[in-house]
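Take a look at the letters that make up each chain.
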Amino acid sequence: MTASRTSAQIYATLFEGQLKRQIGKEINDAIGQKFSLFDKIEYRTRNIHSKNLAESIRRTHIYSLTFFTLTIIIGIFTAIYIVALISKRIKTMVKLAENISQGNFTAVTDDKKDELTNLSSSLNIMSGNLRRIMTELQSRNEELNKFAYVVSHDLKAPLRGIHNIVNWIEEDFGAELSPRLKEYLEIIPQRTKRMENLINGLLDYARVNKKTDSEMTDVAELVQQIVQDIVPGDFSVQIAQLPDIFTERLKLEQVFANLISNAVKFSLPAKGSIEISYRDLANHYEFSVKDAGTGIDPEYHTRIFEMFQTLREKDDKESTGIGLAIIKKILDELNCSIRINSQVGKGAEFIFTWPR
Amino acid sequence: MKRTILLVEDDELDVISVQRTLKKLNVDYNLYVAYNGKEALALLNDPVKPITPDVILLDLNMPKMNGIEFLRALREYDQFRSLEVFIMTTSAESSERLKAEELGISGFIIKPLSYTDNTKRSDSMDAFVHFHLRKILRA
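The listed protein sequences correspond, in order, to chains A and B. Going letter by letter, the first sequence gives residues 1 to 356 in this note's numbering. Going letter by letter, the second sequence gives residues 1 to 139 in this note's numbering.
In short, the hints are calculated from the structure, not lab data. Honestly, I wouldn't trust all of these hints.
What the hints assert, rightly or not - In the EDC-like style, the derived pairs of lysine to aspartate or glutamate whose C-alpha atoms are separated by at most 16 Å in a straight line are: (1) LYS265/A - ASP234/A; (2) LYS156/A - ASP11/B; (3) LYS346/A - GLU275/A; (4) LYS290/A - GLU349/A; (5) LYS23/B - GLU171/A; (6) LYS88/A - GLU98/A; (7) LYS23/B - ASP172/A; (8) LYS210/A - GLU142/A; (9) LYS24/B - ASP172/A; (10) LYS38/B - GLU76/B; (11) LYS64/B - ASP10/B; (12) LYS146/A - GLU93/B; (13) LYS111/B - ASP154/A; (14) LYS64/B - GLU39/B; (15) LYS211/A - GLU253/A; (16) LYS328/A - GLU286/A; (17) LYS111/B - GLU12/B; (18) LYS24/B - GLU171/A; (19) LYS156/A - ASP204/A; (20) LYS271/A - ASP234/A; (21) LYS211/A - GLU142/A.
Said to hold, decoys possible - According to the in silico footprint, chain A covers these stretches of chain B (three or more CB under 8 Å from chain A): (22) 16-30; (23) 124-133.
To be verified - Computed Cβ-Cβ distance ranges for the label pairs, DEER-style: (24) SER94/B - LYS113/A: 49 to 57 Å; (25) SER214/A - PHE108/B: 30 to 38 Å; (26) PRO298/A - SER95/B: 47 to 55 Å; (27) ARG134/B - LEU198/A: 31 to 39 Å; (28) PHE147/A - GLU12/B: 23 to 31 Å; (29) LYS24/B - GLN190/A: 23 to 31 Å; (30) ALA42/B - LYS146/A: 29 to 37 Å; (31) PHE108/B - GLN190/A: 31 to 39 Å; (32) PRO298/A - GLU93/B: 43 to 51 Å; (33) LYS146/A - ASP46/B: 34 to 42 Å; (34) PRO179/A - PHE108/B: 41 to 49 Å; (35) ALA270/A - GLU12/B: 42 to 50 Å; (36) GLU93/B - LEU198/A: 22 to 30 Å; (37) GLY345/A - GLU93/B: 47 to 55 Å.
Because the structure is a prediction, the values reported are computed rather than measured. Here a beta-carbon is modelled for each residue, glycine too, at the ideal position from N, C-alpha and C.
Start from the sequences, fold in the hints, and give me the full structure.
Right, dumping it as structure tokens:
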């Protein structure tokens with residue numbers, strides 16, 4: 001029993017111990033080999049994969065960079081194209097607007113249909129309207145010139161006639177006339193003269209709208225000339241340093257002539273004095289004509305600039321009430337202003353602005 | 001020598017002024033007055049007693065037939081082709097003057113529109129007419 005158990009034990013020991021171990025080892029080795037083979041394959045595959053991944057990342061980078069660059073380039077070109085397209089059309093319209101501002105009313109043709117089309121058609125309508133108005137204005141101006149001619153010619157002719165007849169009466173019947181009749185006769189030329197002044201004043205007033213030529217004007221010389229022409233010798237005249245201006249000389253002359261002649265008319269006997277000065281302000285010049293005459297009650301300071309308002313008696317042959325109205329009209333047209341500082345008995349100072 | 005003058009003028013006062021002046025000037029004259037071009041042509045073509053003026057004083061602005069129209073008609077006649085014509089007008093239009101000169105005139109006198117500035121006698125209408133008529137008639 002012991003022996004069999006022993007042999008069985010030995011068998012078990014041998015078989016279980018030696019063989020199993022041997023076989024187990026072999027199996028283990030085989031598995032190890034398999035695993036190492038598998039590992040090798042696995043690592044190779046992984047390597048390839050990671051290589052592929054890196055490659056595709058790189059390629060993606062290149063692609064995305066390319067696309068990004070392309071997008072930017074296309075974007076820039078599209079933007080440039082659109083900007084050029086719009087700016088070309090805007091330029092056309094700016095050109096049209098410039099033409100309009102220079103008095104050249106041409107229409108633009110614009111066949112596209114968008115928001116800018118509205119603008120161009122609006123500009124075209126405006127240009128058309130302006131052309132129509134300008135033509136109308138020109139014909140009105142011609143009409144006015146004709147009217148001025150008729151007024152000066154046909155209204156003055158009867159005055160001339162009246163004047164002549166008075167002359168003939170005095171010449172032919174001078175000796176036979178009673179002093180009373182002579183006195184009355186002498187009033188007639190005064191009135192015809194006044195009528196003529198009114199006609200001339202109305203003509204001047206009607207012509208204010210007419211654009212006159214601008215030229216370099218030495219204001220001091222211009223004022224000096226007026227003073228020489230209309231201010232009596234016994235007046236004290238002070239003219240400050242005056243500027244040179246590029247301006248419508250005729251109109252500035254009209255303003256100064258009217259103001260200076262007013263200063264002469266309303267001066268006190270033997271106390272004639274006129275001061276002319278100016279200030280150089282930021283946006284315009286400011287001229288002042290100051291006299292030491294009778295002065296004007298503040299009550300009348302606005303009324304004197306209206307047509308035919310004279311504060312003198314109606315038979316005064318020198319005062320027609322048009323001079324200041326003309327000045328006001330000239331200055332209104334130039335967006336300038338005039339104001340007066342005066343009190344009765346303290347002289348008057350007229351201050352007006354003039355464009356730079 | 002007796003001068004025959006034809007005055008073509010529609011303004012009565014201008015006519016009077018010429019008459020007064022002629023009286024003052026020391027000349028022997030016959031003055032005929034027509035108030036427009038038609039009347040002047042009628043005087044020149046009168047079937048009974050046509051006038052033969054030595055000089056014509058012609059206004060431009062007249063009704064019915066104005067000065068230029070009359071001058072054109074006048075120059076159609078052979079006998080009036082070289083007749084002395086003086087224009088006396090208040091119109092200073094250069095186109096009118098040019099037309100008149102093309103038709104042949106001896107002088108173009110522009111009458112001032114205003115004599116009301118006459119502090120001096122010489123500025124009066126009579127003085128003006130006197131000055132020019134004396135030259136025209138060489139009186």
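Consistency of the hints with the structure:
1. Using a Cα cut-off of 16 Å, the hinted pair LYS265/A and ASP234/A holds, with the two alpha carbons roughly 14 Å apart.
2. Proposed proximity of LYS156/A and ASP11/B is supported: the alpha carbons are some 14 Å apart, at most 16 Å.
3. For the proposed pair LYS346/A and GLU275/A, the alpha carbon gap of about 14 Å is at most 16 Å, so the pair holds.
4. Only pairs whose Cα atoms come within 16 Å are accepted, and LYS290/A paired with GLU349/A is accepted, the gap being roughly 4 Å.
5. With a CA separation close to 14 Å, the supplied pair LYS23/B and GLU171/A stays within the 16 Å bound.
6. As the CA atoms of LYS88/A and GLU98/A are separated by approximately 15 Å, the hinted pair is consistent with the 16 Å bound.
7. The suggested pairing of LYS23/B with ASP172/A holds, with an alpha-carbon distance near 13 Å, which does not exceed 16 Å.
8. Straight-line distance between C-alpha atoms of LYS210/A and GLU142/A comes to about 11 Å, which keeps the hinted pair within the 16 Å bound.
9. Straight-line distance between C-alpha atoms of LYS24/B and ASP172/A comes to about 12 Å, which keeps the hinted pair within the 16 Å bound.
10. Restraint check for LYS38/B and GLU76/B: satisfied, since their Cα atoms lie roughly 15 Å apart, inside the 16 Å limit.
11. Proposed proximity of LYS64/B and ASP10/B is supported: the alpha carbons are some 10 Å apart, at most 16 Å.
12. For the proposed pair LYS146/A and GLU93/B, the alpha carbon gap of about 13 Å is at most 16 Å, so the pair holds.
13. The straight-line distance between the Cα atoms of LYS111/B and ASP154/A is roughly 14 Å, inside the 16 Å bound, and the hint therefore holds.
14. For the given pair, LYS64/B sits about 9 Å from GLU39/B by alpha-carbon distance, which is consistent with the 16 Å threshold.
15. For the hint pairing LYS211/A with GLU253/A, the CA-to-CA distance comes to about 14 Å; that is within 16 Å, so the pair holds.
16. Of the supplied pair hints, the one linking LYS328/A and GLU286/A holds, its CA atoms being roughly 15 Å apart against a limit of 16 Å.
17. Using a Cα cut-off of 16 Å, the hinted pair LYS111/B and GLU12/B holds, with the two alpha carbons roughly 15 Å apart.
18. Distance hint between LYS24/B and GLU171/A is fulfilled; the C-alpha atoms sit about 13 Å from each other, no more than 16 Å.
19. For the suggested pair LYS156/A and ASP204/A, the alpha carbons sit about 15 Å apart, so the restraint of at most 16 Å is met.
20. Pair hint LYS271/A plus ASP234/A holds up; C-alpha atoms about 9 Å apart against a cutoff of 16 Å.
21. For the suggested pair LYS211/A and GLU142/A, the alpha carbons sit about 13 Å apart, so the restraint of at most 16 Å is met.
22. Figure legend: the region 16-30 of chain B, annotated as covered by chain A; annotation consistent (3 residues with Cβ-Cβ distances under 8 Å, at least 3 required).
23. Coverage of the region 124-133 of chain B by chain A holds in this model, with 3 residues showing a Cβ closer than 8 Å to a Cβ of that chain against a need of three.
24. As the Cβ distance of SER94/B to LYS113/A is approximately 56 Å, the hint placing it in 49 to 57 Å holds.
25. Look at SER214/A against PHE108/B: about 35 Å separates their beta carbons, and that is inside 30 to 38 Å.
26. Take PRO298/A and SER95/B: their Cβ atoms lie about 53 Å apart, and the range 47 to 55 Å holds.
27. Judged by the Cβ atoms, the range 31 to 39 Å given for ARG134/B and LEU198/A holds: they are separated by roughly 35 Å.
28. Checked against the hint of 23 to 31 Å, the pair PHE147/A and GLU12/B passes, with Cβ atoms roughly 26 Å apart.
29. Taking 23 to 31 Å as the suggested C-beta distance range, the pair LYS24/B and GLN190/A conforms, at roughly 27 Å.
30. Our hint of 29 to 37 Å for ALA42/B and LYS146/A holds, since their Cβ atoms are close to 33 Å apart.
31. A beta carbon spacing of about 33 Å between PHE108/B and GLN190/A agrees with the range 31 to 39 Å that was offered as a hint.
32. A beta carbon spacing of about 49 Å between PRO298/A and GLU93/B agrees with the range 43 to 51 Å that was offered as a hint.
33. The hinted range of 34 to 42 Å is satisfied by LYS146/A and ASP46/B, whose Cβ atoms lie roughly 39 Å apart.
34. A beta carbon spacing of about 44 Å between PRO179/A and PHE108/B agrees with the range 41 to 49 Å that was offered as a hint.
35. Distance hint check: the CB atoms of ALA270/A and GLU12/B are about 48 Å apart, consistent with the given range 42 to 50 Å.
36. Judged by the Cβ atoms, the range 22 to 30 Å given for GLU93/B and LEU198/A holds: they are separated by roughly 25 Å.
37. A beta carbon spacing of about 51 Å between GLY345/A and GLU93/B agrees with the range 47 to 55 Å that was offered as a hint.
The structure fails none of the hints (numbered hints given earlier).
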